[in-house]
Amino acid sequence: MKGKLFYIGLIISFVTTGIAHYMHLNSTLQFVIACIAIIFVAGFLGKATESVAHYAGERVGGFLNATFGNAAELIIAFFLVRDGLFDVVKASLTGAIIGNLLLVLGLSIFAGGLKFKEQSFNVKLASHNSSLMILGVVALFIPAIFAGGLTTKETSTMSMIVAILLIVAYLLWLLFSMVTHKSVLSDEAIEHGEAAWSKGTSILFLILATVMVAFTSEWLVGTLEEVTHRFGLSELFVGAFLIAIIGNAAEHSAAVMMAMKNKMGAAVEIAIGSSLQIALFVAPVLVLVSFFVSGTPMNIVFTTYELAAIGVAVFITKSITQDGSTNWYEGLLLLVVYIILGVVFFLV
Amino acid sequence: MKGKLFYIGLIISFVTTGIAHYMHLNSTLQFVIACIAIIFVAGFLGKATESVAHYAGERVGGFLNATFGNAAELIIAFFLVRDGLFDVVKASLTGAIIGNLLLVLGLSIFAGGLKFKEQSFNVKLASHNSSLMILGVVALFIPAIFAGGLTTKETSTMSMIVAILLIVAYLLWLLFSMVTHKSVLSDEAIEHGEAAWSKGTSILFLILATVMVAFTSEWLVGTLEEVTHRFGLSELFVGAFLIAIIGNAAEHSAAVMMAMKNKMGAAVEIAIGSSLQIALFVAPVLVLVSFFVSGTPMNIVFTTYELAAIGVAVFITKSITQDGSTNWYEGLLLLVVYIILGVVFFLV
Amino acid sequence: MKGKLFYIGLIISFVTTGIAHYMHLNSTLQFVIACIAIIFVAGFLGKATESVAHYAGERVGGFLNATFGNAAELIIAFFLVRDGLFDVVKASLTGAIIGNLLLVLGLSIFAGGLKFKEQSFNVKLASHNSSLMILGVVALFIPAIFAGGLTTKETSTMSMIVAILLIVAYLLWLLFSMVTHKSVLSDEAIEHGEAAWSKGTSILFLILATVMVAFTSEWLVGTLEEVTHRFGLSELFVGAFLIAIIGNAAEHSAAVMMAMKNKMGAAVEIAIGSSLQIALFVAPVLVLVSFFVSGTPMNIVFTTYELAAIGVAVFITKSITQDGSTNWYEGLLLLVVYIILGVVFFLV
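Residue numbers (this note's numbering), protein chains in the order written: chain E, 1 to 348; chain B, 1001 to 1348; chain D, 2001 to 2348.
One chain only, chain E, in its complex shape:
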């Protein structure tokens, strides 16, 4: 029943967005409808990925889940890169990272903590994740610190090299966590439901979902400039808060639901894993993509504001998760920091 309603919503929102786009309706209206559609198509992509993962076996399935987990963000960002909106791209990457660490994780810990006095999870996992998060932070901070002393060309070179190193580190992390040290890190596995469809249908739906995400993303990105202009919002705020929240809606609900079932390990894995993927995989891939797609390549130099937000989010998340147990107040702390960042980004 719930499933049926989802598909009806998916089709209606997708079709409406398409019509609104091709009929050149009011751009605010287009923007709102596209936002709703993104939530549905990203949810559909998530379902299709999981179903394919089910047939692919645990190892390849884990890989698929990991790489398709942020597919929506990657596709939205792709269109932003194509249009040369590099500042919005970086803002939305920043937003996705802090959204996952502060909002998704904060809500999960808070909601779970209201139901259970203390929730715990595999400390090893938290410790490994936090080392990786630090690599991510380092990799984003170093270019910004050194960019002042470099020419534009040198900055591009540095960005490309750092991007390639990060992608290598990320691929080796998959090797580490899925092959050589699988057993050490396993926690309550993220709940894998039954496969929704037959194998063939699953693959077909994965392709279909990817295409739908691509279209909706393009339509959404098309309205962005006009909407931010009309409401006097900065691209920073729209990228870092609006787009990031929309693109992550599916993960939000999944993580919170895990936490309320007392599977805090899975919730932490979704939230931290997703932000790691953005810093260590999505961001560097976009740098390489921009090099081929756009005239001028996007560099990996984030603004001070973005770095401050990311640094703060990583630092407090690391502090809260490193003991392997959580309570409602820790969730609240994460949310308070998210709100503070939201306020200052809105004002800037």
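Check the hints yourself; a few may be wrong.
[As the list claims (entries may be wrong)] Okay, the calculated beta carbon distance ranges per label pair: (1) D:T2304 with E:K182: 39 to 47 Å; (2) E:D83 with D:T2028: 47 to 55 Å; (3) E:T152 with D:E2225: 25 to 33 Å.
[Said to hold, decoys possible] Calculated pairs, DSSO-like style, for lysine-lysine (alpha carbon to alpha carbon, straight line, at most 27 Å): (4) B:K1261 with D:K2182; (5) B:K1182 with E:K117; (6) E:K115 with B:K1261; (7) B:K1124 with E:K117; (8) E:K261 with B:K1261; (9) B:K1182 with B:K1199; (10) E:K261 with B:K1124; (11) E:K124 with D:K2124; (12) E:K124 with D:K2115; (13) D:K2117 with B:K1115; (14) E:K124 with B:K1124; (15) D:K2124 with B:K1115; (16) E:K115 with B:K1124; (17) E:K124 with D:K2117; (18) E:K182 with D:K2115; (19) B:K1261 with D:K2124; (20) D:K2124 with B:K1124; (21) D:K2261 with E:K182; (22) B:K1117 with D:K2115; (23) D:K2117 with E:K182.
Read the hints as simulated data drawn from the structure, not as lab findings.
None of these values were measured; they are calculated from a predicted model.
For each residue, glycine too, the CB sits at the ideal point set by N, CA and C.
Add chains B and D to chain E, keeping to what the hints say.
Coordinates of chains B and D only, in the frame set by chain E:
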């Protein structure tokens, strides 16, 4: 006997300060006498608070102890705010935070460590405190980082919003630590002596002590500008070191005494708890107060030097306390960092 | 056999370097030969130190090992200081710190991790080391943050005071780790081989080795300016990467070998201990030395780039070692960060 001497000192120092003030004696003399008086009246306020807390029962008593713990700092800062000496206020808040984390805690750990090879305490407490400390640091750093991109009016708005969020977070922390998760955090409780007086007398003395602190603070603040000028000291140094040390003298001795009785948990709670209260409660309350009392509201933007000092203090304290055990060398490290900061603040 | 080859290499490389120097051969050639000679004479100094330490008994021996461990770096830096090449000195100190933390430790953890799934060591040791590392970082960051508000004279004063405080803290650390808390920190001891020679010969060789290091260092430093110029390398890069790697070659191989024998505690002790010594002892000693030797004293103010590199290295090392266990991926992370830093330092 020891008690009697204390009250004699209290009355003499308070009366002398009053006389010196109204007879317009030499301002250096006024300053020195007022400093001595502050130590006595702050000690008296501490005793009265504890006695009232004794009658109020554990829960309300804990709340009273927590909120009156930094009453002297709050009152001194109130008069500085009234006189528009915002820079000295922020310097004294900075000084109170680093004084508690580095000097009070450092002395406690060092003195305790000379007597006991290794002293340990509840790791959960340390871990929770450190998450809160990070919230405090984040809440002080973010406005400073973003203030560059804001107008004065926007900075005020941001300061007010951040202040309100911090006060809410602090009140919920009291709820967390005194109601929902009381049992998890309890350690060797801070030693509560016998109530010194009857219930009525205790309340009367609490009011009396508060009034005495208020008068002495006002007299002290009145001499400040002339004294700093005469000795060529910066307001930063006076606020961050002189006033902070004087205002915290009572807590200093209490924490060191706990440590030497091998109650390191209580010493840590006093030192860290007090600096948390300043960052998360006293500072934001002063922002709101300044909005009503003073013409121009005080913003929550600290200088780079102050933030560096706070960041350094929090970072090293977190590192030293997070394993739940201490030794003399760790105390020494905190003291060395305090001296280094004292030297550079003196030179700047 | 292996030993014999070492001594042949030692004598040949040393003599050749001397000849090249006095015959004013091509400076690039001089530089290359001197680099090779440094590796040999530093290795000889290490052997001689260990042999003397063997006769001196555990306590004095430990002290000797600790103070002579970075003798080569100290001597090279001494000649750089004498020639007033302060920027290269600071770059080489930075390079020695990050080289030990990222390259030596990274290689050790990586190599050990390929052979053993998980390697563990005394967590207490890691925790103490990390508190000390933070002192080191604090002591290097504070002068840089505050230097902006100081005159040259005040900066010198501050540098001298900070240097003296650090040396005191370091000496007390030796007291702590070798006297009062020896038992708490002991892990698998660093492997002490048989004494290679009789007591008298050992002392003689220690003196001889020190003299040889001194000569070779002077010859090396003499070629530096011309070589960096000819190849268009920055002094920062040469100091931070070339000189640091050469000066530490002996420690590199020792640490990696320990790790491959599953003595990870010893490897961590070598790498972290060595970088601690540089930050807390070698750097402040050089400040004091420069005050007496050179006309203008070297200040302790590092550049933003150097501080960023040190901060990043300490932060990620702390995160990786604090759980007392390591695996190949953690080693790889350290190496990736080292490479990223190498790339940006090369480009700047």
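Earlier hints that do not hold, by number: When the structure is compared with the hints, numbers 6, 8, 13, 22 turn out to be violated.
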